[in-house]
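Make the full structure from the sequences, and use the hints.
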Amino acid sequence: MLTATLVVALRNPIHSALSLLVMFFHVAGLYVTLHAEFLAAIQIIVYAGAILVLYLFVVMLLNIKREEQFNKQGVVAMFLGFVLLAETVLLGISRGFLIASPHAPLPVQAGASVGNTESIGELLYSTYLFPFEIASLILLVAMVGAVILTKKGIMEPKS
Amino acid sequence: MSIPLADLVTILPECLVVLAACVLFVLDPVMPASKKDFLAWMCVGTLVVCFFITAAGMGEKTFAFSNLVVVDSYASFWKLLLYVVSGMTILLSIGYLKEERIDLAEFYGFIMLSLTGMMIMVSGSDLLVIYLGIELMSISLYIMCGFKRFEAKSIEASAKYFILGAFSSGLLLYGISLIFGAAGSTQLVEIAAAVNARGLDDPLVLIAMMLIIVGFAFKVAAVPFHMWTPDVYQGAPTTVTAFMAVASKAASFAAFLRVLLEGFGGVKPNWSGLILGMCILTLILGNIVAIVQTNIKRMLAYSSIAHAGYALIGVVVAGWMGTGAGVASAGVSSIMLYLAIYSFMTMGAFAMVAILRRGGLEGEELDDFTGLAKRHKGAAFLMMLFMISLAGIPPTAGFIGKFYLFMAAVNAGLTWLAVVGLVFAAVSAFYYLRVVMVMYMREPSSEQELETRLALSPTAMVVLAFAVAGVVFLGVYPGPLVSIATSSALPLP
Chain A
1 MLTATLVVAL RNPIHSALSL LVMFFHVAGL YVTLHAEFLA AIQIIVYAGA
51 ILVLYLFVVM LLNIKREEQF NKQGVVAMFL GFVLLAETVL LGISRGFLIA
101 SPHAPLPVQA GASVGNTESI GELLYSTYLF PFEIASLILL VAMVGAVILT
151 KKGIMEPKS
Chain B
1 MSIPLADLVT ILPECLVVLA ACVLFVLDPV MPASKKDFLA WMCVGTLVVC
51 FFITAAGMGE KTFAFSNLVV VDSYASFWKL LLYVVSGMTI LLSIGYLKEE
101 RIDLAEFYGF IMLSLTGMMI MVSGSDLLVI YLGIELMSIS LYIMCGFKRF
151 EAKSIEASAK YFILGAFSSG LLLYGISLIF GAAGSTQLVE IAAAVNARGL
201 DDPLVLIAMM LIIVGFAFKV AAVPFHMWTP DVYQGAPTTV TAFMAVASKA
251 ASFAAFLRVL LEGFGGVKPN WSGLILGMCI LTLILGNIVA IVQTNIKRML
301 AYSSIAHAGY ALIGVVVAGW MGTGAGVASA GVSSIMLYLA IYSFMTMGAF
351 AMVAILRRGG LEGEELDDFT GLAKRHKGAA FLMMLFMISL AGIPPTAGFI
401 GKFYLFMAAV NAGLTWLAVV GLVFAAVSAF YYLRVVMVMY MREPSSEQEL
451 ETRLALSPTA MVVLAFAVAG VVFLGVYPGP LVSIATSSAL PLP
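For the protein sequence lines, the chains are A and B, in the order given.
Going by this note's numbering, the first residue of the first sequence is number 1, and it counts up by one from there.
Going by this note's numbering, the first residue of the second sequence is number 1, and it counts up by one from there.
In case anyone wonders, no lab produced these hints; they're calculated from the structure.
Here are the computed lysine-lysine pairs in the DSSO-like style, where the Cα-Cα straight-line distance is at most 30 Å:
1) K151(A) x K36(B)
2) K160(B) x K98(B)
3) K35(B) x K151(A)
4) K35(B) x K98(B)
5) K98(B) x K153(B)
6) K152(A) x K160(B)
What follows is the structure, encoded as structure tokens:
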């Protein structure tokens, strides 16, 4: 919560990005406490590792100097934030905090003997092999497409 | 990890298509430029082989890959149609790409991978697989739209299609994740069970159903989710436009129907009401706005929106309250019939746009067709044939397609909807016949006579021959196609 506030509050975009990184690590910690080790690892690899680096690249390349861009939205943001907060509190009170689902919660199969990561891998290569392979085709298309659309000198404009 | 051999045999056509694409990507850089046509012919050859494999397996119903994939007659019907359309696109592209100087063999690879996505869509029995199929199809199409990358319009089409397509995929995925929350599975069978048990009183199911319908409506370009269509169709290279207008629409309809009937079969009256609204809006907007277009590609884009509206009549019939299983399945088979016929005539019309050239550019403005009959009698006659077929005038195939759709609507007690369809078919005749009028009644200016020419390659002639054969043969003797469509309609619960 603190770091999430810092992301918005800090003036220097680089500092914001770094506090975002800390927040990602905390979210990963939350996943670990929920026994979702795989998700925690993915959270760190994908968000902290890849996405944040992209952010930093963009921030550094664009070299944002002007920091007063969004300062006029403060009132609107506070109003919306207040409404959302009130809604959350109301819902929490009326439903007794834990929203009682009208249906029995779905059974959660905790991979007791094998770890979370192993069971996901197991499923990915057995039951869900087919979607997994389609995803690889999608990546192939994206890769070749990126080359085709950006490489110089493979197509000449009409004279 | 072991892949069961039987599963691989079931999806043999998909494997072959992917293999052809991969071989193409590998061979392309090492082949001399003069031999590149070979790669296109290899793709066409693969499609012919796949056509016979799928046709031989018609009538069986096989599940594969832990019930994520189903190959039944319904899927086979759509696959056969998709092979034909893809083959025609490739043949048409061989000449067109050279003419446009975007002659890259990768183009055919993208068509093959896009086709793979469509085949996965039509035979997915699991929302996850259907979604991935849609993505594979769409991403290939985004790239193909931007193939004329030195032209601003083409890049605009690609970017617009990408952003709106990604947005609609997001909606669809959101719907899928909500229904996964309600059913605990993405399999259509289990979703059907959950929907039957809970009904639409459960907001989770209701919102999921609406989001999934919206996601698919984007893909089939139904009003009010059609905004991307005109710009994308106009900017993309013409053969890609033809491929999008025909193949991606057919595959999206196929998956849409399967999800609605097999997944949400328990709440038919609810979704058919929603789709009825969309259907009428689509018919009105598509046909009315097409009237004011002066660019043929744009006009055909609106006409393809309108045709989606006609096909939606079949969807409404399939889910309408109180219709018996016979009538509902007639609704499904009339969509299959309609889209098969629509494929031939639209493919033909776009092929004409692709081969008619003015100077170095495409003849895509209505003016370019002025007095075509005086200069190229054959071309003008073919264009007229496609136009009257699109308008649905007998004895062409377009009439047969509309006839079966309206019949299905009347049998379901929706006579008024058939009348609405008929009125807008009459409206559409205005803008289709205007093209014919311009070709036959107006004198070409002398400047046009010098500039306009036909870039008719032998392969484009094969495509035109196919399209004409489809339009005329199916118009005069639709029996075989009707019986195939009827026998392979989705079995209704």
